[in-house]
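For the record, the sequence lines run as chains R and D. Under our numbering, the first residue of the first sequence carries the number 7, and numbering increases by one thereafter. Under our numbering, the first residue of the second sequence carries the number 7, and numbering increases by one thereafter.
In case anyone wonders, no lab produced these hints; they're calculated from the structure. Careful, some of the hints might be misleading.
Repeated chains share a single entry, so a pair holds when one copy, or any two copies, can fit it.
[What the hints assert, rightly or not] BS3-like mimics (lysine-lysine), calculated; alpha carbons at most 30 Å apart, straight line:
{"#": "1", "residue 1": "Lys70", "residue 2": "Lys47"}
{"#": "2", "residue 1": "Lys70", "residue 2": "Lys17"}
{"#": "3", "residue 1": "Lys47", "residue 2": "Lys11"}
{"#": "4", "residue 1": "Lys17", "residue 2": "Lys47"}
Number of protein chains: 2
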Amino acid sequence: MWLAKVIVSLKPVVNDPPGITIHGALRTLGFTGVQSVRSGKYFEIRLDADDEAAARQQIDAMCKQLLTNPVIEEYRFTVEHA
Amino acid sequence: MWLAKVIVSLKPVVNDPPGITIHGALRTLGFTGVQSVRSGKYFEIRLDADDEAAARQQIDAMCKQLLTNPVIEEYRFTVEHA
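Bound conformation, chain R alone (with noise of 0.2 Å):
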């Protein structure tokens, strides 16, 4: 078994208007030293696969597949034994 950790988030040139409005009530609840927030997914995946190679490529498909959009989105991830 297999556990991916993947960070979903968008690419720094798209706009982000989560990202935004979280800056702005943050100034407001007095943390005036925030500078910018961007916002993404988090994603931990169980898995079984023959091997850590195998996993990874599973989980890069999977990214492609359906958890990302690779218009506007990059992703990351770590894979770890469980």
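Position chain D against the provided structure of chain R, taking the given hints into account.
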């Protein structure tokens, strides 16, 4: 300037409808080895602070006051010089 990377995830006992839906979609796509999917949120926050301890204290306060719902969510973060 400091860069904080914050991961917010549901507590293990909390039901996760998006995760269940993604799990089903992955299996439909042929990823039959997937055992579970848990969804969460991710934030990258750039902030000014005097030192790393001050940055960590601020990020922790932001998590408690705005970024998470402490009843159903848990969080972890890293802070690095940026």
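Okay, the hints, checked on the actual structure:
no., hint, result
1, Lys70 x Lys47, "both (15 Å within a copy, 19 Å between copies)"
2, Lys70 x Lys17, "both (15 Å within a copy, 27 Å between copies)"
3, Lys47 x Lys11, "both (11 Å within a copy, 12 Å between copies)"
4, Lys17 x Lys47, "both (13 Å within a copy, 16 Å between copies)"
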